[in-house]
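As a plain string of letters, each chain reads:
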Amino acid sequence: MSAMSTPNWNRRNVLQAAMGLAAAGGLAACGGNTGRSSGGGSGTALTQYFHAYGEAGTEQAIKKYAAAYKKADVSTNWITGDNFESALFAALLTKKAPDVFEFHPQLQLVKSGQVADLTDLIDPVKDDFNPNDIKSHTVDGKIYGIRMIDDPQFFYYRKSMFEAAKVEVPTTLEELSEAAAKLTTSKVKGVFLGNDFTAIQNVIIWSAGADTINEKNEIAYHTDGVVEGLKELRKLFTSGNVLLDAPTDFWDPSSLNQGLCAMQWGGMWSMPAMQKALGDDLGIFPFPKIGSAGKQSVYNGGWSIFVNAKGKNVEAAKEYVKWLWIDQKKYQEDWATSYGFHIPPRTSIASSATKLKSGLPAEGVKLFTDYGHFDNIAYDQTMQTAFAEVIASSIRKNGNPESALDTCDKKVNVELKKLFG
Amino acid sequence: MSTTTTRGVAQPAPAKASKARPRRGLRGNPTFNFWLFTGPFLIGLVIFVFVPIFWSVWLSFFDARYTVTPSHFIGFDNYKQILTNSGFPDSLLTFSVFAAFIVPTTWALSLGLALLVHRLRFMRAFFRSVFFLPTAVSYVAASLIWKMSIFSGVRFGLMNTFLGWFGVENIAYLANPSPPWYWVVIVSLRLWIQSGFYMILFLAALQNIPGELYEAAAIDGAKPGWQTFRYITLPQLRATSTAVILLLLIAAYQAFDEFFNIITLKATWAQTPLMELYKTALGTNQDYGAGSAGAVILSLLICLVTLIQGKFMGFGRGEEGK
Numbered sequence: 001m002s003a004m005s006t007p008n009w010n011r012r013n014v015l016q017a018a019m020g021l022a023a024a025g026g027l028a029a030c031g032g033n034t035g036r037s038s039g040g041g042s043g044t045a046l047t048q049y050f051h052a053y054g055e056a057g058t059e060q061a062i063k064k065y066a067a068a069y070k071k072a073d074v075s076t077n078w079i080t081g082d083n084f085e086s087a088l089f090a091a092l093l094t095k096k097a098p099d100v101f102e103f104h105p106q107l108q109l110v111k112s113g114q115v116a117d118l119t120d121l122i123d124p125v126k127d128d129f130n131p132n133d134i135k136s137h138t139v140d141g142k143i144y145g146i147r148m149i150d151d152p153q154f155f156y157y158r159k160s161m162f163e164a165a166k167v168e169v170p171t172t173l174e175e176l177s178e179a180a181a182k183l184t185t186s187k188v189k190g191v192f193l194g195n196d197f198t199a200i201q202n203v204i205i206w207s208a209g210a211d212t213i214n215e216k217n218e219i220a221y222h223t224d225g226v227v228e229g230l231k232e233l234r235k236l237f238t239s240g241n242v243l244l245d246a247p248t249d250f251w252d253p254s255s256l257n258q259g260l261c262a263m264q265w266g267g268m269w270s271m272p273a274m275q276k277a278l279g280d281d282l283g284i285f286p287f288p289k290i291g292s293a294g295k296q297s298v299y300n301g302g303w304s305i306f307v308n309a310k311g312k313n314v315e316a317a318k319e320y321v322k323w324l325w326i327d328q329k330k331y332q333e334d335w336a337t338s339y340g341f342h343i344p345p346r347t348s349i350a351s352s353a354t355k356l357k358s359g360l361p362a363e364g365v366k367l368f369t370d371y372g373h374f375d376n377i378a379y380d381q382t383m384q385t386a387f388a389e390v391i392a393s394s395i396r397k398n399g400n401p402e403s404a405l406d407t408c409d410k411k412v413n414v415e416l417k418k419l420f421g
Numbered sequence: 001m002s003t004t005t006t007r008g009v010a011q012p013a014p015a016k017a018s019k020a021r022p023r024r025g026l027r028g029n030p031t032f033n034f035w036l037f038t039g040p041f042l043i044g045l046v047i048f049v050f051v052p053i054f055w056s057v058w059l060s061f062f063d064a065r066y067t068v069t070p071s072h073f074i075g076f077d078n079y080k081q082i083l084t085n086s087g088f089p090d091s092l093l094t095f096s097v098f099a100a101f102i103v104p105t106t107w108a109l110s111l112g113l114a115l116l117v118h119r120l121r122f123m124r125a126f127f128r129s130v131f132f133l134p135t136a137v138s139y140v141a142a143s144l145i146w147k148m149s150i151f152s153g154v155r156f157g158l159m160n161t162f163l164g165w166f167g168v169e170n171i172a173y174l175a176n177p178s179p180p181w182y183w184v185v186i187v188s189l190r191l192w193i194q195s196g197f198y199m200i201l202f203l204a205a206l207q208n209i210p211g212e213l214y215e216a217a218a219i220d221g222a223k224p225g226w227q228t229f230r231y232i233t234l235p236q237l238r239a240t241s242t243a244v245i246l247l248l249l250i251a252a253y254q255a256f257d258e259f260f261n262i263i264t265l266k267a268t269w270a271q272t273p274l275m276e277l278y279k280t281a282l283g284t285n286q287d288y289g290a291g292s293a294g295a296v297i298l299s300l301l302i303c304l305v306t307l308i309q310g311k312f313m314g315f316g317r318g319e320e321g322k
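One line per chain: the protein sequences are A and B, in this order.
Following the working numbering, the numbering of the first sequence begins with 1 at its first residue and continues without gaps.
Following the working numbering, the numbering of the second sequence begins with 1 at its first residue and continues without gaps.
For reference, chain A alone in the conformation it holds in the complex (with noise of 0.2 Å):
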């Protein structure tokens, strides 16, 4: 009898080995690798996303700030590639969405109810906050996101270079262009602005004296100047001066520190790697003025913090942002100051951030403060999305920018109806 049903018998124990593991499987990868902090809080668990900063340390950071929280157990998602975006939203859509999430203001995840109002938060300190900041995260009075860090966005050069080749900090694109041919050489370009030319996408219309879209949320962009500074674009893009297809993008300082190109459309973030690389080697401009009535201009990018609507635990994840992002000042400073340089939102912070009261920092803050130009909540990423097209088609490709705008009009009129009827 046994010697019959032994096989069988382990037949059956290898299916219910089989289906165990897979469902100790499941079950370990539920509860597995979710960042969560070592020696956290307990109680309500929370989940924030964040995507990859280059700086190192910075993981190491938010994870220590999340750690100190004891009122919760708040796990990290440090999201790495490109794909942030379509993480963030893929996840928002599931039932393991994260409670707390950085982004840039948009106005349709206000209006689809995904993000919860923080005015109560905000309030308070609202005086102590960059006016911008609150301006580009309120909609109809309410405020939506904490800014955590403002970005400004600036060429670097190297003035030894620019010494060598007899070139001046140009101020229009004209000037620009002009600087880029005399400082290209056989092993170094005059100038990067990334790969796909994309990261100056905002300050060409700022630059020619235009905007995103206007008070009205109309289109504003669609200007001669624009078309002008796209036309200029095209001929710096097809001079040979112009760094192209680098290893990596502008958001890396790699290219001016290794000596790839003179200048360098980049973050201030980067600063402190050029400055380590580059010691006193190293200025920065802003973007040059396009037409006679266009102004230089700097591109205040950035990161906020939202909470999740939808989420289970909104009102435990809105009290720990407020104890990050609100409460604990010398967290906000570290993160601001520490790895890359950012700019604190808070103005109490900014002004006492020793790191930046002198020299290029200092410098970066005033490009900040004399030409930065933030973001519009009504300025999504549809849209940007079909500006990136102009780029692409009006300066790679040779394509007319005025058509290219036109389509561009077409796809922005299409997406201010469904945002504003």
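Keep in mind that the hints were calculated from the coordinates and are not lab data.
Ideal placement from N, C-alpha and C gives every residue a C-beta, glycine not left out.
Don't take each hint at face value.
Unchecked claim - Heads up, incomplete: computed chain A residues facing chain B, CB under 8 Å, no partners named:
1. S86
2. L88
3. A90
4. Q108
5. T171
6. P247
7. K330
8. T369
9. S393
10. K397
11. K410
On the provided structure of chain A, position chain B as indicated by the hints.
Only chain B this time, still in chain A's reference frame:
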């Protein structure tokens, strides 16, 4: 085999006799066994294939921004949007041209490799492995190597270093679409990764061609080489060729990974249909309604192309039908 005993040979053991008895319970039930083995796959198919397809069709008729459970029915507006106000039609056209090039090229290359390896008298396993190994490399990893190392636009990019020896200026293969050097990057990558897999299919088919056919052809005066290949080998590979072309065609329209990593979403050229749908539904726009409409159109198109190809090449027909 007989169980009849002679000259005092022992009777068959009871255990053997019991084997002849019909199995008891569910284990012996063929219907139960059928569901036991196919059930899990069927459930997976329903959950991961059919439900998403039907959900996608349903979503395509709704305004589904930032949600996959929308409530606002908008009819065919998403179809209108995806066909008139997006890069989707252009991507279909681009990829029809891409498919028209890459399918015959890969077919010819993989068949050529299979013929070479098939004729080898030594180290056949080694070369088979060498050609097949790229199949194991992920498109993402290969794309990054192609983009950042081999075809980097700076002076220390592998290809630019090589061309520099002959006095050729650095080429920006990917940033500048004119001239369209990016196709060299994409096509070389795709051929490198794909050909080995299809070579294995052809190799298996070549090994199944009966030797007698070649002997008979030789007796009839057929010359070895092109004549034998043209009139014996190629017709015998018809079924495999049809399947390979079908798979290549579908793969061409489903191209995503290498284009996503090499060309990126921020271009207006070489955007695959899947990239356009990704951009619409999962990337920056989060418009699941319009994305679903595009997915439905693409699925119908692939079905249509497959049916047309099947009609012309006889895929799925028996020998008598040819």
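These are the hints, each one checked on the structure:
Here the hint on S86(A) is kept, as its CB sits about 5 Å from the closest CB of chain B, short of 8 Å. With its C-beta approaching chain B no nearer than about 10 Å, L88(A) sits outside the 8 Å limit, and its interface hint is violated. Given the 8 Å rule on beta carbons, the hint for A90(A) holds: about 7 Å separates it from the nearest Cβ of chain B. The interface hint given for Q108(A) is met, as the beta carbon of that residue sits about 6 Å from the closest beta carbon of chain B, less than 8 Å.
The criterion of a C-beta within 8 Å of any C-beta in chain B is not met by T171(A), whose closest approach is roughly 26 Å, and the hint is violated. The interface hint given for P247(A) is met, as the beta carbon of that residue sits about 5 Å from the closest beta carbon of chain B, less than 8 Å. Given hint, K330(A) at the interface with chain B, is violated; its Cβ is 35 Å from that chain's nearest Cβ, farther than 8 Å. The beta carbon of T369(A) is not positioned within 8 Å of any beta carbon in chain B (closest approach about 30 Å), and the interface hint is therefore violated.
Interface hint at S393(A): satisfied, since its Cβ lies 5 Å from the closest Cβ of chain B, which is below the 8 Å cut-off. For the restraint placing K397(A) at the interface with chain B, the shortest Cβ-Cβ distance is roughly 5 Å, inside the 8 Å limit, so the hint holds. Residue-level restraint check for K410(A) holds (minimum Cβ-Cβ distance to chain B is 6 Å; threshold 8 Å).
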